[in-house]
Amino acid sequence: MLFLAKLCGILTLVWFYLTAKNHGGPLINWSVIGLIGYWLTWWLSKMLIVVPLAGMVTKHSVTEFLLTQLPVFVALAACYLIRKKLIASLPASGQ
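If you count the sequence shown from 1, you need to add 427 to reach the numbering used here.
Keep in mind that the hints were calculated from the coordinates and are not lab data.
A few of these clues could be false.
As the list claims (entries may be wrong) - SDA-like mimics (lysine to any residue), calculated; alpha carbons at most 25 Å apart, straight line:
no.: 1; residue 1: Lys-433; residue 2: Thr-495
no.: 2; residue 1: Lys-448; residue 2: Ile-514
no.: 3; residue 1: Lys-448; residue 2: Ser-516
no.: 4; residue 1: Lys-433; residue 2: Ala-505
no.: 5; residue 1: Lys-486; residue 2: Leu-497
Assemble the whole structure, with the sequences as input and the hints as a guide.
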């Protein structure tokens, strides 16, 4: 079940690298910020959302599967906001 989390972590690294390349930001810094932001948010949402709610659903059910994938979507949403903040922090190129 962690395959989706690992895949999204790698894709987040590539996403932040390409964003930095397209916007003229520091490549390695943005990639590391994106990766740390993803994994930290994933871990926090797993501990704060999944672990408390895991006992409420039956084992080996669709609900359990969806619940265990929830940290991935929370982490991707956080990465989207982190990326927006990084892009907004760049100086305007037209001036």
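Right, here's what the structure says about each hint:
1. Lys-433 with Thr-495: holds (13 Å)
2. Lys-448 with Ile-514: holds (11 Å)
3. Lys-448 with Ser-516: holds (15 Å)
4. Lys-433 with Ala-505: Holds, at about 16 Å.
5. Lys-486 with Leu-497: It holds: about 16 Å lies between the C-alpha atoms, which stays within 25 Å.
Of the hints listed earlier, there is not a single one the structure fails to meet.
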